[in-house]
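*Asks:* Spelled out, the chains give:
There are 2 protein chains.
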Amino acid sequence: MSVIRRLPRYYRFLCELDDRGVERISSTELSKIMHSTASQVRQDLNCFGGFGQQGYGYTVKGLRDEIKKILGLNKGYKAVMIGAGNFGAAIVNYLDFNKLGFELAGCFDCDKEKLGKQLGGLTIMDDSLLDSFCKENEIEAAFLCIPKESVESILDKLYGLGIKCYWNFSHYDLSSKYSDVVVENVHLSDSLMTLCYRMNNSK
Amino acid sequence: MSVIRRLPRYYRFLCELDDRGVERISSTELSKIMHSTASQVRQDLNCFGGFGQQGYGYTVKGLRDEIKKILGLNKGYKAVMIGAGNFGAAIVNYLDFNKLGFELAGCFDCDKEKLGKQLGGLTIMDDSLLDSFCKENEIEAAFLCIPKESVESILDKLYGLGIKCYWNFSHYDLSSKYSDVVVENVHLSDSLMTLCYRMNNSK
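If you read the protein sequences in the order shown, they are chains A and B.
Residues 1 to 203 (our numbering) make up the first sequence, in order.
Residues 1 to 203 (our numbering) make up the second sequence, in order.
Note that these hints are calculated values from the structure, not bench results.
Treat the hints with care, as some may be off.
The list treats identical chains as one, so a pair stands whether inside a single copy or across any two.
Once the Cα atoms are required to be at most 25 angstroms apart in a straight line, the calculated SDA-like pairs of lysine to any residue come out as [as the list claims (entries may be wrong)]: (1) Lys135 - Leu174; (2) Lys114 - Val92; (3) Lys135 - Gly162; (4) Lys69 - Ser179; (5) Lys148 - Gln53; (6) Lys69 - Ser189; (7) Lys177 - Arg198; (8) Lys135 - Cys47; (9) Lys75 - Ser31; (10) Lys114 - Asn93; (11) Lys112 - Ser132; (12) Lys75 - Lys117; (13) Lys75 - Ser153; (14) Lys177 - Ser132; (15) Lys61 - Lys75; (16) Lys157 - Asp131; (17) Lys164 - Val181; (18) Lys68 - Ser128; (19) Lys112 - Cys15; (20) Lys75 - Asp190; (21) Lys114 - Leu95; (22) Lys157 - Ser202; (23) Lys164 - Arg198.
Keep in mind that this is a model prediction, so the values were computed, not measured.
With the sequences and hints as input, model every part of the structure.
*Replies:* Given below as structure tokens:
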């Protein structure tokens with residue numbers, strides 16, 4: 001696992017430590033929370049300039065703010081949610097996008113029943129408005145909560161609008177079609193199959 | 001990434017190939033779908049006994065069934081969903097647990113408003129029934145769709161009932177408390193922060 005994958009976890013743990021009023025932490029303590037080693041922690045944080053002081057450790061707030069900056073969580077990238085079904089709606093209600101680097105600017109669905117309804121303070125719009133909306137609002141990212149079969153045509157449209165960053169919950173392989181996109185895939189069924197495998201092999 | 005993490009993807013792609021009527025596939029073709037190399041594919045599948053024939057490749061149905069067996073997707077491990085809020089409900093409606101190795105036997109929530117309502121063909125039950133239900137139904141796994149603050153007390157109860165396998169959507173660190181549990185964590189916010197970082201660094 002690369003240091004990039006670990007950064008969100010560092011950030012999460014540091015936010016929790018700060019919430020609990022902890023002011024500083026050693027690499028050894030941090031490594032325990034991370035299920036890692038002190039030397040791994042020092043090496044990870046050195047990648048980004050190293051923020052600790054020997055014999056003192058890290059300032060929780062300071063390190064948290066540095067990692068926040070490295071992750072770019074203050075950028076507020078404008079994004080659209082594609083698919084306002086059960087799953088898309090749950091994601092919108094579940095996550096605080098503003099704290100995670102994004103501003104959710106619009107929600108789209110092709111189901112006429114959903115149009116005009118509210119989701120996360122936004123009015124669900126028809127896919128036919130996607131083009132004008134994304135241009136007017138300078139959208140940079142899309143969250144795809146639609147079935148695999150529906151992805152290709154929407155992706156072609158979004159890519160044509162210059163949107164190259166995707167959070168993808170479908171099993172459609174975006175980077176096979178467009179090699180220059182930035183994609184984070186969340187494959188829930190793969191995760192559950194992995195749990196099944198591990199249960200099988202833990203007995 | 002270990003071969004175990006790749007197995008669900010092999011399985012998914014082989015199911016799709018079979019749906020499309022493809023009967024056999026070479027390691028080179030399979031490696032393209034997997035964004036991998038032919039030698040990696042051969043090495044992965046050799047770990048489990050090797051199912052290919054030189055110059056012929058793999059039988060799609062045969063390989064799919066072998067991987068299904070290795071993953072244990074035919075086991076139907078009995079599981080409970082803890083938390084029937086927006087997110088838990090979306091997960092229940094979104095995934096076909098039976099195809100992923102599990103049988104969802106019960107859904108629990110502490111919110112009195114939700115009790116008695118239907119979810120995925122099941123009646124949502126009060127947390128107070130968890131004990132007797134899990135014992136009677138020989139539950140082996142739990143899916144945790146509850147906030148971090150609520151996890152510890154439920155986990156103590158489930159662990160006390162002998163349940164050691166968890167699919168965890170909260171940020172509670174289960175393996176810190178019980179070192180012998182099998183846990184698959186899904187950290188959606190980490191995934192989104194990673195997308196933000198990669199957007200930042202792709203410009």
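*Asks:* Hints first: check each against the structure and report whether it holds.
*Replies:* Results of checking the hints against the structure:
1. Lys135 - Leu174: Only inside one copy: Lys135 and Leu174 sit 22 angstroms apart there, 44 angstroms across copies, limit 25 angstroms.
2. Lys114 - Val92: For Lys114 and Val92, the Cα distance is within 25 angstroms both inside one copy (15 angstroms) and across copies (20 angstroms).
3. Lys135 - Gly162: within (9 angstroms within a copy, 55 angstroms between copies)
4. Lys69 - Ser179: neither (27 angstroms within a copy, 34 angstroms between copies)
5. Lys148 - Gln53: The answer is neither: 49 angstroms in one copy and 32 angstroms across copies each exceed 25 angstroms.
6. Lys69 - Ser189: Close across copies (16 angstroms), not inside one copy (32 angstroms); limit 25 angstroms.
7. Lys177 - Arg198: The answer is between: 19 angstroms across copies meets 25 angstroms, while 32 angstroms in one copy does not.
8. Lys135 - Cys47: neither (37 angstroms within a copy, 50 angstroms between copies)
9. Lys75 - Ser31: neither (28 angstroms within a copy, 37 angstroms between copies)
10. Lys114 - Asn93: both (16 angstroms within a copy, 17 angstroms between copies)
11. Lys112 - Ser132: Only inside one copy: Lys112 and Ser132 sit 19 angstroms apart there, 44 angstroms across copies, limit 25 angstroms.
12. Lys75 - Lys117: Result: close neither inside a copy nor across copies, 28 angstroms intra and 41 angstroms inter.
13. Lys75 - Ser153: Intra 29 angstroms, inter 37 angstroms, cutoff 25 angstroms: neither.
14. Lys177 - Ser132: within (24 angstroms within a copy, 51 angstroms between copies)
15. Lys61 - Lys75: Within one copy, since 19 angstroms is at most 25 angstroms while 47 angstroms is not.
16. Lys157 - Asp131: Close inside one copy (8 angstroms), not across copies (51 angstroms); limit 25 angstroms.
17. Lys164 - Val181: within (5 angstroms within a copy, 39 angstroms between copies)
18. Lys68 - Ser128: Neither: 36 angstroms inside a copy, 41 angstroms across copies.
19. Lys112 - Cys15: Answer is neither: 41 angstroms inside a copy and 32 angstroms across each miss the 25 angstroms cutoff.
20. Lys75 - Asp190: Intra 31 angstroms, inter 16 angstroms, cutoff 25 angstroms: inter-copy only.
21. Lys114 - Leu95: both (21 angstroms within a copy, 21 angstroms between copies)
22. Lys157 - Ser202: Classified as between; 21 angstroms across copies, 46 angstroms inside a copy.
23. Lys164 - Arg198: between (35 angstroms within a copy, 11 angstroms between copies)
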